[in-house]
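Given the coordinates of chain A, work out where chain B with the ligand should sit on it, guided by the hints.
So the sequences go chain by chain: A and B.
Just so we're aligned: the first sequence equals residues 1 to 215 in this note's numbering.
Just so we're aligned: the second sequence equals residues 1 to 483 in this note's numbering.
Keep in mind that the hints were calculated from the coordinates and are not lab data.
Hints are not guaranteed to be accurate.
One side only, chain A facing chain B, incomplete, derived with CB under 7 Å [said to hold, decoys possible]: (1) L30; (2) K31; (3) E45; (4) N85; (5) S90; (6) I186; (7) Q192; (8) K195; (9) I196; (10) V210.
The following residues of chain A were derived to be distant from chain B, with all beta-carbon distances above 12 Å [unchecked claim]: (11) Q72; (12) S111; (13) N119; (14) L154; (15) S206.
Everything numeric in this text was worked out from a predicted model, so none of it was measured.
Idealized CB from N, CA, C, for every residue including glycine.
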Amino acid sequence: MKAFTQHRGLVGPIDRANVDTDMIIPKQFLKSIKRSGFGPNLFDELRYLDHGEPGQDCSSRPLNPDFSLNQQRYQGASILLTRKNFGCGSSREHAPWALEDYGFNAVIAPSYADIFYNNCFKNGVLPVILSEDEVDTLFSELAAADGYQLDIDLASQTVTSDSGQIFNFSLDQFRKQCLLEGLDEIGLTLTQSEKIKQYEIEREKSQPWVYGAIK
Amino acid sequence: MVARTLYDKLWDTHLVNENHDGSALLYIDRHVLHEVTSPQAFEGLRIAGRMPWRLDTNIATPDHNISTDRSERDAGVSGIPDEISRIQVQTLDDNCDHFGIKEFKMNEMGQGIVHVMGPELGATMPGMTVVCGDSHTATHGALACLAHGIGTSEVEHVLATQCLVTKKMKNMRIRVEGKVGLGVTAKDVVLAIIGKIGTAGGSGHAIEFAGSVFRDMSIEGRMTVCNMAIEAGARVGMVAVDEKTIDYCEGRKFVPKGDVWHQAVAYWRTLVSDSDALFDTEVELHADDIIPQVTWGTSPEMVAPVTALVPRPEDEPDKELRKGVERALKYMGLEGGIPIVSINVDRVFIGSCTNSRIEDMREAAKVANGRQVATSVKQVLIVPGSQMVKAQAEAEGLDKIFIASGMEWREPGCSMCLAMNADKLGDGEHCASTSNRNFEGRQGKGGRTHLMSPAMAAAAAVAGHIVDVRSFLGQPISQEIQL
Ligand code: SF4
Numbered sequence: 001m002k003a004f005t006q007h008r009g010l011v012g013p014i015d016r017a018n019v020d021t022d023m024i025i026p027k028q029f030l031k032s033i034k035r036s037g038f039g040p041n042l043f044d045e046l047r048y049l050d051h052g053e054p055g056q057d058c059s060s061r062p063l064n065p066d067f068s069l070n071q072q073r074y075q076g077a078s079i080l081l082t083r084k085n086f087g088c089g090s091s092r093e094h095a096p097w098a099l100e101d102y103g104f105n106a107v108i109a110p111s112y113a114d115i116f117y118n119n120c121f122k123n124g125v126l127p128v129i130l131s132e133d134e135v136d137t138l139f140s141e142l143a144a145a146d147g148y149q150l151d152i153d154l155a156s157q158t159v160t161s162d163s164g165q166i167f168n169f170s171l172d173q174f175r176k177q178c179l180l181e182g183l184d185e186i187g188l189t190l191t192q193s194e195k196i197k198q199y200e201i202e203r204e205k206s207q208p209w210v211y212g213a214i215k
Numbered sequence: 001m002v003a004r005t006l007y008d009k010l011w012d013t014h015l016v017n018e019n020h021d022g023s024a025l026l027y028i029d030r031h032v033l034h035e036v037t038s039p040q041a042f043e044g045l046r047i048a049g050r051m052p053w054r055l056d057t058n059i060a061t062p063d064h065n066i067s068t069d070r071s072e073r074d075a076g077v078s079g080i081p082d083e084i085s086r087i088q089v090q091t092l093d094d095n096c097d098h099f100g101i102k103e104f105k106m107n108e109m110g111q112g113i114v115h116v117m118g119p120e121l122g123a124t125m126p127g128m129t130v131v132c133g134d135s136h137t138a139t140h141g142a143l144a145c146l147a148h149g150i151g152t153s154e155v156e157h158v159l160a161t162q163c164l165v166t167k168k169m170k171n172m173r174i175r176v177e178g179k180v181g182l183g184v185t186a187k188d189v190v191l192a193i194i195g196k197i198g199t200a201g202g203s204g205h206a207i208e209f210a211g212s213v214f215r216d217m218s219i220e221g222r223m224t225v226c227n228m229a230i231e232a233g234a235r236v237g238m239v240a241v242d243e244k245t246i247d248y249c250e251g252r253k254f255v256p257k258g259d260v261w262h263q264a265v266a267y268w269r270t271l272v273s274d275s276d277a278l279f280d281t282e283v284e285l286h287a288d289d290i291i292p293q294v295t296w297g298t299s300p301e302m303v304a305p306v307t308a309l310v311p312r313p314e315d316e317p318d319k320e321l322r323k324g325v326e327r328a329l330k331y332m333g334l335e336g337g338i339p340i341v342s343i344n345v346d347r348v349f350i351g352s353c354t355n356s357r358i359e360d361m362r363e364a365a366k367v368a369n370g371r372q373v374a375t376s377v378k379q380v381l382i383v384p385g386s387q388m389v390k391a392q393a394e395a396e397g398l399d400k401i402f403i404a405s406g407m408e409w410r411e412p413g414c415s416m417c418l419a420m421n422a423d424k425l426g427d428g429e430h431c432a433s434t435s436n437r438n439f440e441g442r443q444g445k446g447g448r449t450h451l452m453s454p455a456m457a458a459a460a461a462v463a464g465h466i467v468d469v470r471s472f473l474g475q476p477i478s479q480e481i482q483l
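Just chain A, with the same shape it has in the complex:
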């Protein structure tokens, strides 16, 4: 897995709450059997004026001028600033894949849907949780300054603005460690193989119907 330690980058906004995973990557792109290449279709329906289909060359499609990330000043943004309950709806991991492929290393929002939040960590995208007030502050600072950047440091769990303001965020220590070190979670779990086997032996004795049913 891709590691995340610290990141400094340009901020791009999506100023709406409840952005669902259908919006992040519309379902027609879920037909891919690959993990990569979703970036050009991130926010497809908001971003382009025409209807997107997989396999299209997106560089010649008409852009929606009203979509924030299409504005010149946000080109190259690598930190997404947005509102509460980001990533709600379908569990598709294509959502963080698309964010990552587009170039986002981190998202900042007051809250996330559970599955999306979880999926981000597995793909090296850091979902930062700040309070609604702090997110408000960042939105106003961003609106006021062209080329607005933030520093995110995972080890110290801080977001620092150029004005020197520091925002602390909290997260689960296991996830933090995995992300810092870019650990392979499956490999990590397999180090506990003996425990899993032991569990299975016990369980099969007490609840045999759980085993061998599907053939």
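Structure of chain B with the ligand alone, referenced to chain A:
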């Protein structure tokens, strides 16, 4: 002993290891796979040179992007018109064959929407942990399972280790007491719940649905309710075991028989929350307050009783919420303040993992029987959730009722629930839909979804607009059939 909730019990039983930071290794009993969220997981296994930990836990079927058209289905996988969909379905077949995973292929008896086929085959049983790369996995919680959706990396993790690294959620209990009135179904109950607690109301919680309304409800109704737990922000929805649960399971394909069956049943009966168990959050609704529900906006919480008016943004004091209402009305092409029953529908979709079981088909058929689809309605799709539902419905003659009414009887799959196949809404079209999500573009770009129960959707098909189904029920209809 400390009093435990149903969720606590399911959690404890499956705990392989607990880490210091509160994360845990949870054992997974049943893993359900479909074509959309599994290819990258299998690819990951291959790249790492890993094999599935245990084969007899996995069960697979294609559902999301297969055609529901009879002639296309008859042509097999090669008959799927969209090339990319075809590759995805073919990839699932290949992966299952390669790794030796039991798959119910596209036209085999047993195939269906993952959350319909799992319980009906008895692949999901009470007390199990059930996961699937699909957020509506909560459906299986109707059988007192700990069931939830996972991402593709987790699909790979479960394939490779039979475990999930996860954290315990908080306990929430939603009680609905009383008796629901005529025309009020499981769908109306769950929509009313979401209307009350909002789409993030259950975040971080495992919800147990309790109270007389759920006790009175069939297992299929309970599945409809648990299915939409995710629409209330909770990954998990559950109902405790009772006699109905046990009756439902008995005799199903993968359910044990003989001594093991009795042993299982004895254990299953313990799968109820202790009477003095504590919940972190409690919510209560009363059945008397629930009448048929319809969504008017672009989020399941934008729901109202069918007798209500579409809300007006200016009546919403909170600024953020007002913006949300304005945006939703604009997308839906609706004026605030108009009666919900004045909304015309262009298409009707009865299906999806929320409402495509045999009871749903029966409810819709009851309304459709002896009536005709309004001429203004372009299409009414009736899509059974599985091959077994389809066969049962045909045995009862329901397909004939639908066809006689001018509705289309389709092959099992997700169909117009998410428009990954050919079944979609056109730009600006309004749809009376029994699915679970009314997000922008969910049923096709620019499509406008109104979520409701199967009976309400069938009534809308006949009326040509949203209508209170209670006016259809109880009145004499010609050629009434016995259902
Ligand atoms: S019916 Fe709809 S919600 Fe259910 S699994 Fe299929 S696409 Fe998902």
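Now the hints, each set against the structure:
Among the interface hints, the one on A/L30 holds; its C-beta lies about 5 Å from the nearest C-beta in chain B, closer than the 7 Å criterion. Contact between A/K31 and chain B, as hinted, is supported at the beta carbon level, the nearest pair being about 4 Å apart and thus within 7 Å. For the restraint placing A/E45 at the interface with chain B, the shortest Cβ-Cβ distance is roughly 5 Å, inside the 7 Å limit, so the hint holds. Against a cut-off of 7 Å between C-beta atoms, the interface hint on A/N85 holds, since the closest Cβ of chain B lies about 5 Å away.
For A/S90, the shortest C-beta to C-beta distance to chain B is roughly 5 Å, which falls under 7 Å, so the interface hint holds. Interface hint at A/I186: satisfied, since its Cβ lies 5 Å from the closest Cβ of chain B, which is below the 7 Å cut-off. At its closest, the beta carbon of A/Q192 sits 6 Å from a beta carbon of chain B; the interface hint therefore holds under the 7 Å criterion. Given the 7 Å rule on beta carbons, the hint for A/K195 holds: about 5 Å separates it from the nearest Cβ of chain B.
Proximity of A/I196 to chain B holds as hinted, the smallest CB-CB distance being about 6 Å (cut-off 7 Å). With a cut of 7 Å, the hint placing A/V210 at the interface with chain B holds, because the nearest CB-to-CB distance is about 5 Å. The Cβ of A/Q72 sits about 25 Å from the closest Cβ of chain B, beyond the 12 Å cut-off, so the non-interface label holds. The Cβ of A/S111 does not lie farther than 12 Å from every Cβ of chain B; its closest approach is about 7 Å, which violates its non-interface assignment.
With a least beta-carbon separation of about 4 Å from chain B, A/N119 fails to lie farther than 12 Å from that chain, contradicting its non-interface assignment. For A/L154, the shortest C-beta to C-beta distance to chain B comes to about 16 Å, beyond the 12 Å cut-off, and the non-interface label holds. Residue-level check failed: A/S206 sits 8 Å from the nearest beta carbon of chain B, not beyond 12 Å.
Hints 12, 13 and 15 from the earlier list are contradicted by this structure; the remaining hints agree with it.
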